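Student: Chains as they are written, first to last, in this note's numbering: chain A, 6 to 369; chain B, 4 to 632.
If you are wondering where the hints come from, they were derived from the structure by calculation, not from laboratory data.
Note that the structure is predicted; figures quoted are calculated from it, not measured.
No residue lacks a Cβ here, since even glycine has one placed at the ideal position from N, Cα and C.
It cannot be assumed that every hint is accurate.
[Stated by the list, open to error] Quick list of the computed label-pair ranges, beta carbon to beta carbon:
id, chain 1, residue 1, chain 2, residue 2, range
1, B, 479, A, 13, 24 to 30 Å
2, A, 154, B, 446, 46 to 52 Å
3, A, 353, B, 349, 44 to 50 Å
4, A, 353, B, 196, 54 to 60 Å
5, B, 446, A, 353, 51 to 57 Å
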Amino acid sequence: MSDVQTLTRKDFSSDQEVRWCPGCGDYAILNTVQGVMPDLGLPRENIVFVSGIGCAARFPYYMETYGFHGIHGRAPAIATGIASARPDLKVFVATGDGDALSIGGNHLIHAMRRNTNITILMFNNQIYGLTKGQYSPTSELGKVTKSTPQGSLELPFNPVSVALGAEASFVARSIDNERQHLADMIKRAADHPGASFVEIYQNCNIFNDGAFDAVRKNVPNQIRLEHGEPVRFGEHGQHGVVMAGHSELEVVDVADAEPAEGETLGVQRRLVPAEDLLVHDAHRDDAGLAFALSRLAHTPVGPTPIGLFRQVERPEYAEQMQAQLDDARLRKGSGDLQSLLTGNDTWTVGAEPSTNGHGGDGSA
Amino acid sequence: MTEKTVEHLDTVTIRFAGDSGDGMQLTGNRFTSVSALMGNDVATLPDFPAEIRAPAGSLPGVSGFQLHFADHDILTPGDEPDVLVAMNPAALKTNLDELPRGATIILNSDAFTKPNLKKARYDSDPRHDGSLDGYRVYEVPVTELTIGALEDVDLSKKAKERAKNMFALGLMSWMYSRPLDPTVEWIESKFAGAPEVAAANITALKAGYNFGETTELFSHRYDVDPASDLPPGTYRQITGNQAIAYGLVAAAERSGLPLYLGGYPITPASDVLHELARHKNFGVRTFQAEDEIAGVGAALGASFAGQLGATVTSGPGVALKTETIGLAVAVELPLLVLNIQRGGPSTGLPTKTEQADLLQAMFGRNGEAPMPVVAASTPGDCFDTALEGARIALKYRTPVFVLSDGYLANGAEPWRIPDVQDLPDLTELPAFVAPPEDGEPFEPFTRDPETLARPWAVPGTPGREHRIGGLEKAAGTGNISYDPDNHHHMTQMRQGKVDRIAHDIPPLEVGADSDADADVLVAGWGSTAGPIKAAVRRVRAQGHKVARVHFHHLNPMPANTGELLGRYRKVLVPEMNNGQLSFLLRARYLVDAVGYNRISGLPFGSGELADVIVEQIRAAEQDPAGAAR
Chain A
6 MSDVQTLTRK DFSSDQEVRW CPGCGDYAIL NTVQGVMPDL GLPRENIVFV
56 SGIGCAARFP YYMETYGFHG IHGRAPAIAT GIASARPDLK VFVATGDGDA
106 LSIGGNHLIH AMRRNTNITI LMFNNQIYGL TKGQYSPTSE LGKVTKSTPQ
156 GSLELPFNPV SVALGAEASF VARSIDNERQ HLADMIKRAA DHPGASFVEI
206 YQNCNIFNDG AFDAVRKNVP NQIRLEHGEP VRFGEHGQHG VVMAGHSELE
256 VVDVADAEPA EGETLGVQRR LVPAEDLLVH DAHRDDAGLA FALSRLAHTP
306 VGPTPIGLFR QVERPEYAEQ MQAQLDDARL RKGSGDLQSL LTGNDTWTVG
356 AEPSTNGHGG DGSA
Chain B
4 MTEKTVEHLD TVTIRFAGDS GDGMQLTGNR FTSVSALMGN DVATLPDFPA
54 EIRAPAGSLP GVSGFQLHFA DHDILTPGDE PDVLVAMNPA ALKTNLDELP
104 RGATIILNSD AFTKPNLKKA RYDSDPRHDG SLDGYRVYEV PVTELTIGAL
154 EDVDLSKKAK ERAKNMFALG LMSWMYSRPL DPTVEWIESK FAGAPEVAAA
204 NITALKAGYN FGETTELFSH RYDVDPASDL PPGTYRQITG NQAIAYGLVA
254 AAERSGLPLY LGGYPITPAS DVLHELARHK NFGVRTFQAE DEIAGVGAAL
304 GASFAGQLGA TVTSGPGVAL KTETIGLAVA VELPLLVLNI QRGGPSTGLP
354 TKTEQADLLQ AMFGRNGEAP MPVVAASTPG DCFDTALEGA RIALKYRTPV
404 FVLSDGYLAN GAEPWRIPDV QDLPDLTELP AFVAPPEDGE PFEPFTRDPE
454 TLARPWAVPG TPGREHRIGG LEKAAGTGNI SYDPDNHHHM TQMRQGKVDR
504 IAHDIPPLEV GADSDADADV LVAGWGSTAG PIKAAVRRVR AQGHKVARVH
554 FHHLNPMPAN TGELLGRYRK VLVPEMNNGQ LSFLLRARYL VDAVGYNRIS
604 GLPFGSGELA DVIVEQIRAA EQDPAGAAR
């Protein structure tokens, strides 16, 4: 076992040349992930990165861990096999919006529902990069691409809403250039026992540059969710979120808060006292609140929540699978191949001694 | 009660037929179990519709179970039944065509009502319009007698009626001198939680038996002695799906690797998943995935993680798994893909048999993606074939196709129980790479000079961290490589690895039942083994000369295949497809193989094949100069 204590970011960097386009958000994510690895306190050999196809899917080649670059959309399936066969391993999936939500949508939702110990990092750039710029299942309605010259006709998925609907026990969102925040989300996701899902807004500077500028460049638009804290945002915390009617949330201005330059509070939005703001509860059994938060911004074009939406404890799949094996051994004893093959009803032909079979005397 | 004459028979074929809900499969299985326990050789052919319960009494709803038992070694479930037990008019109608004149028909006369006749599309009652002339027909009011026997039982009329299959089983048990005790014990254990249901079934079973004993209807009963020509040993009854599941467990035990089965329910393969799910105390992990693709994906992931990964499916499932199987070829990890073939294309005939996925197994992937293919020939052989598949997969680090089919899967036969000590020892094959002694770099795509297999380094091994994937890899390092020469080299390595297996398998040998100076060779693969053997037996009994060979390894084929085929003037290849093995033999060995191809969803009859063989023998005689090549 490698000495866990002395591992550094460098120990997780493979000797392969990184081949993403210069300026791609994937570089920042890779750096952050490599930086988080030593903090997990795990031996390097017990970590596995699995991926499908796409730009994000090259990720395992750059990690000095075990890695499996699979096929399009199937990373959660391969990862499920690894994680359920070997509960001693820590399995990550690096995937993109096309890989995870389009061709691999089925595997993604079932991996989350099943709650196998897999940490899914979904790099969302709202475009197909590796195939050179077609619209993806997270591209905004009307998106003009090579395959949609008159604009996309499809309502995009909100990945966090999808994950919550798929019963994920850990759902978070972060941004490629928010290193500290991203590292924190990845660390918490990796420590979570069960399936964890982190959507990472990732800028594709070649085919969809600036898609997330509204939150990536405009920090005051980041609604940073913190468990147990009021949901507030803006450079002075002058905006916030309140419950408004039946499972609906409303963005409001906070009374007595300092406005941003040139801004007058209470004009575009309701003015609400700070004590009335919604206090985030990521650990609620019911996913309704987290879902409502995810609906504050269907696409990240204005104030958008990032951070931990939901984290609940649910039995982990591989552990339960192992428990069934242990239980079967306890009840029936370790399997004996000869008795399995022999079964209960046998008969003997020729010279060999008779065994335990039913007789064959032909009478009733 | 008059003492009835007991007549000795050497072989009997019975077909039980009734509604899907009538319990005919269970009746047939019980009769088979008891006959096997009595030492008869048995072969079965369950034949049921894909619909779980088509409308009661309708023609599509008929479910049948044919059973052949004998006092000697038999090879097929019988071409034509000697006895048909028909529980309703639809069962009579769908089976009558296959019944030779003179055969016995036992009818549940209670079911021959006007509405039932109409549902079976009979314009007149076949019992009275001459349709059954030439048959020995026995009308038994099975329903009424069953309900009568259960008069004092506190169950609904409907529940009582449900026991009528047990009455029929009891009657047939009397007729063929089968003991009731094993079935009584079976019922008691099966319905342990519902003692009143158990009691009702036992009562009905005994009532059927006693009816045979007392009624004046039957003057004869029959007896079939135990088969004495089976090799000595301890036997049990086994179906192909059971055997293939046991083969996987045995492969895991003999290799020391835990078994991981990723699957998705599909007819006729699901029973393998069910069987393995029962054996968790062997450390068997069964994973019912969200779809076929995830089933094989998880199995491949488990292989990467150092377990014996396997997936079980049928043709449509293979189609879905194809891309992942190609990935397994590229990453060179062991993986077992079990295809329990059924009628195709597309959804085809889910509950019927066919062997039309051979070329899919051979070629059904993008790129040059060679894979070993092995095929089982009998239900019991499914065990050895699964083990052999595992041996090849582990030794050569490759996915392997293991082919079975619906006939083998659901068919049963006596199986000589192997001694575990005699099974192949696979413990040396996984050979996981150990941690490095002195930090030497790890090259995951170096090759064993003998097998061309690459090293298997499993996660958790320090110092062996590496990455694999579907992109082409540089020989040695395994780094992504687009180098033209490297791609050519790697393609030839993957091919060469499979080709080398030809020298690691037994040579092809003609069956012991072959004539040394035969002109005609009958070549088969898969589940046609029984019908071909039986046909060869018939042909030789008629005084003709013929030889027979059966392929267990389809890719690669044994090294001496070409030489062996070349010894005969004619090579006849009967297949339940349009000539897939023929195609391979012709392409590889330039042999003028003649196909006999019938794709009906049913196994070949031995009489049918015997005629074809004789035809070829005559053709060879008339063309003395002709040669197969």
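Student: Which of the stated hints cannot be reconciled with the structure, identified by number in ascending sequence?
Tutor: Hint 4 is the one this structure does not satisfy, whereas the remaining hints hold.
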